[in-house]
Amino acid sequence: MSAGTASLCSTLFFSILIFVSADQKIITAESGQDVTLTCRAPNNNIRSVHWSRADLTDGYVLLYQDGQFVPDHQHPSFKNRVDLQDRQMKDGDVSLFLNNVKINDAETYMCRVFIEETRSWKNSIIIHLHVFPPGQKKITAESGQDVTLTCRAPNNNIKSVHWSRADLTDEYVLFYQKGQFVPEYQHPSFKNRVDLQDRQMKDGDVSLILKDVTNNDAGTYECRVVSRTKHGRRDVSTEPISIIHLHVVPPEKKTIKVKSGQDVTLTCRASNNKIKSVHWSRADLTDGYVLLYQDGQFVPDHQHPSFKNRVDLQDRQMKDGDVSLILNNVKINDAGTYGCRVFIEETRSWKNSIIIHLTVVDPPDQKIITAESGQDVTLTCRAPNNNIRVVVWGRADLGDKYVLLYQDKQFVPDSQHPSFNNRVDLQDRQMKDGDVSLILKDVTINDAARYKCHVLVNETDSWKLVSIIHLRVSPDQKNITAESGQDVTLTCRAPNNNFISLEWSRADLGNEYVLLYRDGHFVSDEQHPSFRNRVDLQDRQMKDGDVSLILKDVTIHDAGRYECGVVQKEPNQEIPSLKLINTTYLHVYPPDQKIITAESGQDVTLTCRAPNNNFIVVEWSRADLGDEYVFVYRDGRFVPDSQHPSFKNRVDLQDRQMKDGDVSLVLKNVTTADDGSYNCNIFNGGTTSWESINTVSLTVSGE
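Taking mature numbering (1 follows the signal peptide of the UniProt record, and there is no 0), I'd label the letters of the sequence shown as residues -22 to -1, 1 to 681.
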């Protein structure tokens, strides 16, 4: 059985990376035929090819070195009977052509190549060749399966049926006479394991069913019948009417590769639902099972301690024979060969269903990048070589869409998640020195996640996880100014509704919340008393992720920094974590505002006096300016980056020394566009909180 390179989607993402072993094949041929034993090396830089056979100690099947056959080392039985399918070995093709196969050619063949580039040998494939005489049936079955050996008599006048195997001497596989089985003549290894397909033998059908085959069942089976002639005499057929060669191979083997810390499912399916016991074992464990499930219950007494509380059946009902094992939080020590066996009630026998080789590797180094909303970031990733066919940047929460897919030197937009359209690119499309770093433009809070960089390398025709990067995006900061007594809405939008709880908090409240919403209801026990009956969600259905907060009847004491966050569990994350979405500064001023009237072109002073000089920041703002300010003075200097352009070179403090708390603002050359309510706020270093000092309404008349 072989498996080619899987398709992009099925190879790369399934919860985990799974590779089915494809390095063994079984080929069946009739004596006299020509056969090709296929073998493909990973590249063309091949110096030597060795085809050998397990039982041959005194010569190769074929030895090809430096562009020539080496006959001196060839076994004589293959002289003039073998050749390479392609002596140029194009695309690494080193398949063997074997002429006129014989019974004696039946064996296990191995193909090995010496790669010049790595100066090392590579075992490419193992092939089991079965050869039979012409005109006979051949059946290959996996250990644990049930098989039917077909046989049809020329008529229905059957007195007895004999199924035999040459190596059993005077005992039978099955002896059926006068409508009954005759157990006295049966070999003990077939007891309760064989039956006729049709005990009525309708239309001469005397086919044999052999259950739960093992390696010991391999051999040549012969079917004979004794029939009555029309004169009532017995007609004993000494010649078999059917000869069947049964070959039994080990059960299907799979190889699963998983990273330490992940959860993995080891798949196993029994042939029917009448399962009494399930045994999951590991070859190296002598003092306990991985899992033992019997009569609808787990049996912990026989479980190896290292798997306690870490394994379960995928379906305890075992619907459709599904007895797959879930192994949580895999560790390096979990690597090994796992076997799945079931006890079938119907046949009262054990069946080996599958063997799985589990490989556990350490995950690649993980990086953390922090960015502010609106910035461009580079997620670095460097592959081990330049021979890259495909680059995939993915994120677990995007389903079957990618952040970026670059294949055969082209972007594949059809597979890209729409949120990344026109926002991502490779740092170097030439991928020089394996550089497949990703540029992500204009990041938002919704881009915060874990990103994975995979490459498909031509040389090995396999996927490699190169880099894992956690991107953290600082939330947007908003400023809201409200008059005491008003209701305000603090806006917040979650990337989706898939969260466990919603938290609105304020830094100075300690471990109490403004609002806590969990499992569809408010949690009042953890709410700060000052917000009781004053807060609500704008939309309790939280449609489109809307988790905005309504705060009623605001007071001076409500001023401060509010944080909106959700608690959610990311894929492959054991413990839920808080994700901060945004931050809002609420400034509250009293209703008794000062009113100033000025003419266009005049200079005006908007007065404001802080209670003391113990402040770090002075902010003059106007509600209609969004997140930009009229004037910001921090740590003894102006902060022009946050200033609205219309106030550039037009504002200053009346007293830069701010003597006696004077933080009044001088606004020069006013225009009608300067109309509005101006808020004076300070950040108090003593209380580490914002304080709204006063509000001034400015009305400017035209010329």
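There's no promise every hint is true.
So the derived label-pair ranges between C-beta atoms look like this [what the hints assert, rightly or not]:
no.	residue 1	residue 2	range
1	T649	D403	50 to 60 angstroms
2	S284	F75	28 to 38 angstroms
3	R65	N476	55 to 65 angstroms
Calculated cross-link-like contacts (lysine-lysine; reagent style DSBU-like; alpha-carbon spacing at most 35 angstroms) [said to hold, decoys possible]:
no.	residue 1	residue 2
4	K572	K547
5	K557	K572
6	K100	K309
7	K3	K156
8	K100	K189
Rather than coming from a laboratory, the hints here were simulated on the basis of the structure.
For glycine and all other residues, C-beta sits at the position ideal for the given N, C-alpha and C.
Hint check results:
1. Under the hint 50 to 60 angstroms, the C-beta atoms of T649 and D403, about 44 angstroms apart, miss the expected range.
2. Take S284 and F75: their Cβ atoms lie about 50 angstroms apart, and the range 28 to 38 angstroms is violated.
3. Look at R65 against N476: about 59 angstroms separates their beta carbons, and that is inside 55 to 65 angstroms.
4. Of the pairs offered as hints, the one joining K572 and K547 is violated, with about 50 angstroms between alpha carbons and a cut-off of 35 angstroms exceeded.
5. Restraint check for K557 and K572: not satisfied, since their Cα atoms lie roughly 41 angstroms apart, outside the 35 angstroms limit.
6. Distance hint between K100 and K309 is fulfilled; the C-alpha atoms sit about 28 angstroms from each other, no more than 35 angstroms.
7. The suggested pairing of K3 with K156 is violated, with an alpha-carbon distance near 44 angstroms, which exceeds 35 angstroms.
8. A distance of roughly 39 angstroms separates the Cα atoms of K100 and K189; the hinted pair therefore is violated under the 35 angstroms criterion.
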